[in-house]
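Taken in order, these protein sequences are the chains called U and V. Here my numbering is used: the first residue of the first sequence is 1, the next is one more, and so on. Here my numbering is used: the first residue of the second sequence is 125, the next is one more, and so on.
One thing to keep in mind: the hints can contain errors.
To be verified - Only pairs whose alpha carbons sit at most 30 Å apart, straight line, appear in this in silico DSSO-like list of lysine-lysine:
no.	chain 1	residue 1	chain 2	residue 2
1	V	Lys203	U	Lys50
2	V	Lys136	U	Lys26
3	V	Lys252	V	Lys203
4	V	Lys252	U	Lys93
Stated by the list, open to error - Some chain U residues close to chain V (C-beta under 8 Å, calculated; not the full set):
no.	residue
5	Ser10
6	Met12
7	Ile15
8	Arg18
9	Asn103
10	His105
11	Lys107
12	Lys108
13	Pro109
Since the hints were derived computationally from the structure, they do not count as laboratory data. Heads up, the beta-carbon is just placed ideally off N, CA and C, and yes, glycines get one too.
Each chain, letter by letter, is given below.
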Amino acid sequence: MRVLIVDDSSVMRKIVARGLRQAGFKITDILEAGDGQEAMNLLKTDSNFKLILSDWNMPVMDGLQFVREVRGNIPQIKNIPIVMVTTEGGESKVSAAMEAGANGHIKKPFTPETLQESLQRFLG
Amino acid sequence: MSQSSSPELIEKLLAGLRQAVTEMMNSMAMTEVVFAGRESANSFTISAEVVGLVRLSGHMQGMVGVTCDQEMLRVVVSKIVGLPPEELSQEDLLDGAAELANMVCGGMKTKAQIGGVDLSPPIAIVGKEFVSQWKTNHATHIFTFQMEEGGLRIYSSL
Chain U
1 MRVLIVDDSS VMRKIVARGL RQAGFKITDI LEAGDGQEAM NLLKTDSNFK
51 LILSDWNMPV MDGLQFVREV RGNIPQIKNI PIVMVTTEGG ESKVSAAMEA
101 GANGHIKKPF TPETLQESLQ RFLG
Chain V
125 MSQSSSPELI EKLLAGLRQA VTEMMNSMAM TEVVFAGRES ANSFTISAEV
175 VGLVRLSGHM QGMVGVTCDQ EMLRVVVSKI VGLPPEELSQ EDLLDGAAEL
225 ANMVCGGMKT KAQIGGVDLS PPIAIVGKEF VSQWKTNHAT HIFTFQMEEG
275 GLRIYSSL
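Sequences and hints are given; from them, build the entire structure.
Structural data, given as structure tokens:
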């Protein structure tokens with residue numbers, strides 16, 4: 001089972017990766033991208049992911065645009081579940097991400113238990 | 125400089141901030157944190173090596189700054205990410221300062237349950253031998269927390 005983490009913060013990518021492992025999911029590979037564009041470039045050549053966890057605020061391509069791109073016209077990636085991981089809990093922004101095709105939202109800070117509960121339906 | 129907000133809202137947010145710091149350090153850094161005091165000032169000097177800043181906008185406007193020294197930051201970030209301190213890069217420290225501020229403010233907002241407050245992306249400053257002046261129209265509330273690794277000060281101009 002492979003997961004892609006998209007976040008411009010190297011520390012947050014490490015925190016999410018550690019949290020996923022602590023939550024007990026049987027993940028074989030965790031790949032990372034520093035922004036939405038980098039993630040899109042990766043997904044065009046490697047689409048075998050069970051889940052994508054994406055930040056909201058990122059340079060080059062932000063999380064909302066990234067969700068729209070993934071839900072675009074590339075058949076092999078358009079159905080990969082995307083969960084937003086962000087401190088921005090503004091209802092309008094969460095709604096915009098969900099309308100664009102995101103499948104869920106996790107607020108930082110989080111615990112392994114929060115991840116377990118929120119991501120079980122994607123990774124369980 | 126921050127605009128004035130109602131004292132009730134400010135206290136609600138500050139209570140949320142205090143809870144958020146304790147909970148975040150306990151759950152993510154596995155570190156015991158002790159609240160070591162609160163003070164207020166309109167103008168003061170910050171000589172910390174690490175500053176993470178987040179701006180608040182919407183129903184409440186202001187700025188929150190999280191400060192500590194680099195060694196403390198290195199130890200806390202290493203605990204949060206689960207890597208030895210010596211394996212952290214300078215980029216990790218910079219991102220760590222930003223994420224600390226981000227998570228403190230995100231936690232504060234969640235705990236205070238105040239709607240309509242937006243948080244800016246964090247700004248991180250990590251360096252040595254710099255002294256900065258913080259000046260606001262209204263009092264800045266300064267919370268000090270103590271951990272085994274060192275002290276953490278949080279400046280809230282609301």
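May I ask which of the numbered hints given earlier this structure violates, with the numbers listed in increasing order?
-> The structure breaks hints 2, 4, 9 and 10; every other hint is satisfied.
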